[in-house]
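Asks: Sequence:
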Amino acid sequence: MPDRFFVTTPIYYVNDVPHIGHAYTTVTADALARWHRLLGEDVFFLTGTDEHGLKIARSAEAHGVTPQQQADETSARFQETWDLLDIVPDRFIRTTDPDHTATVQAFLQKVHDNGHIYRDSYAGWYCVACEAYYEEDDLLPNPDGGNGLDPVHERPVEWFEEDNWFFRLSAFEQPLLDWYAAHPDAVGPEGKRNEALGLIKQGLRDISITRSSLDWGVPVPWDPGQVFYVWYDALINYATAVGYGTDPERFAAWWPHVHHLLAKDILRFHCVYWPAMLLAAGEEPPASIDVHGYLTVGGKKMSKTSLNQIFPADLVEEFGVDGFRYHFLRDNSFGPDGDFSYEGMISRYNSDLANNFGNLLSRVSTVVAKKCDGIGPAPRPDSPLAAVAAEALADATAAWAAVQPSMALDATWRLIRETNSLLETTEPWKLDPGPEVDGVLGDALEVLRLVSILASPALTRAPQEVWRRIGLSGAPTDRQLPAAAAWGQYPGGLPVEKAAPLFPRLKPVE
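Under this note's numbering, the first residue of the sequence shown is numbered 72, with each subsequent residue one higher.
Hints in this document: simulated from the structure, not taken from any laboratory.
In silico lysine-lysine, DSSO-like type, Cα no more than 27 Å apart, as pairs:
| hint | residue 1 | residue 2 |
| --- | --- | --- |
| 1 | 335 | 263 |
| 2 | 569 | 441 |
| 3 | 501 | 442 |
| 4 | 335 | 272 |
| 5 | 441 | 501 |
| 6 | 126 | 335 |
Restraint ranges, calculated between C-beta atoms of paired labels, are given here:
| hint | residue 1 | residue 2 | range |
| --- | --- | --- | --- |
| 7 | 132 | 218 | 16 to 26 Å |
| 8 | 473 | 154 | 28 to 38 Å |
| 9 | 232 | 328 | 39 to 49 Å |
For every residue, glycine included, the Cβ atom is placed at its ideal position computed from N, Cα and C.
Hey, can you work out the whole structure from these sequences and the hints?
Replies: See below:
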């Protein structure tokens, strides 16, 4: 049986439309899924939308629609955007899906039956935007003199008092510390792991997991007058998708081998609350939680109320799908904050895609047409590029395994740069047809074959076009690594097509 790889994004709130911050996480997950499929693994890629809670109810009311109408409309916008970006999840889950309701009720009933949920009254400061309660000390001062501001969205909090059901989070302080000690690589990067440990070590308080003042949510099975608070509905989507409560064999096959990708603003929920909930239900916490920073614009995080939101469709119109995906995977290391700039996107596109990858294809196809009558020669077994290719595969494999797409693509493009350098040194366009020209061009065609495979998790369209132009049949994604990356598999004797530039240069911003 092949290895399994289960990768998830957060599920996105339907009170707003998708922007490039949402796309960054989701393109990364899609690329990881594609890479692991190249390795021959059994892959399950999950994303979706979070559709319950007070924030959604209020947003729907403001728009004059029902919460379900708001959810349907905005969820469709997310699905359309992922289609535009060639993001192909194995499931797009919605928290209004019937099987999710069943799973939430089964999961939290188990936690209740295990003695970790009790009834009590609650009063505290609540941020609707975060769907989270805050302690007084957590709040930022309000320059207008009103209620304090939440530390994430910097919006005034509200005072809530309710009779709710509570999760006994405090009981899991030591079990969580034990789990972190036993699984030192489960949360990364290290700084985010330390942040999660800090939250646990400062002491955990029991938390309210239901609402009695709201009916837009999953009903509590033992108290139908209440609904589950949004995070304790949303987090369980990861279990719903692989059959918790509905398909025990499937759940056992996939869990806990899950890799969560998320932004740092929801670290507390995924790295503290979610593992504790799983332990309370008698399940193992996730195998891997990878936390990235914010994708900012002008140094500021995008939000619904800010003017710095950038929508994927606007960029795809100019840069194409491959240009969009490549920029966000290559230009931002997974982990720290990354700042988006239009000028930087043009520079990366022209440098890596037009001047390196596209130029290599154009050079090779032009010289093959002139020196080899349009028929591509085979590579040399002793090519100086063979070692470079082996190193690129090793480095890319290690980088994808570490959830570092930027480093993986840098390794792949190093092979492209070395090949362009070989062409510039040998100048086959100046030589008479013969073994030397055939050898250099065959090597370059083999590199184009290899890059078409190695780059296919990031670029969903160009690799197939390169594959076709150098005369190969099928698709680069049909191949399986590492065998497909062994040097010397371009057979030679195939027609090589000279055509329009793969990535036309874009005019820099003046």
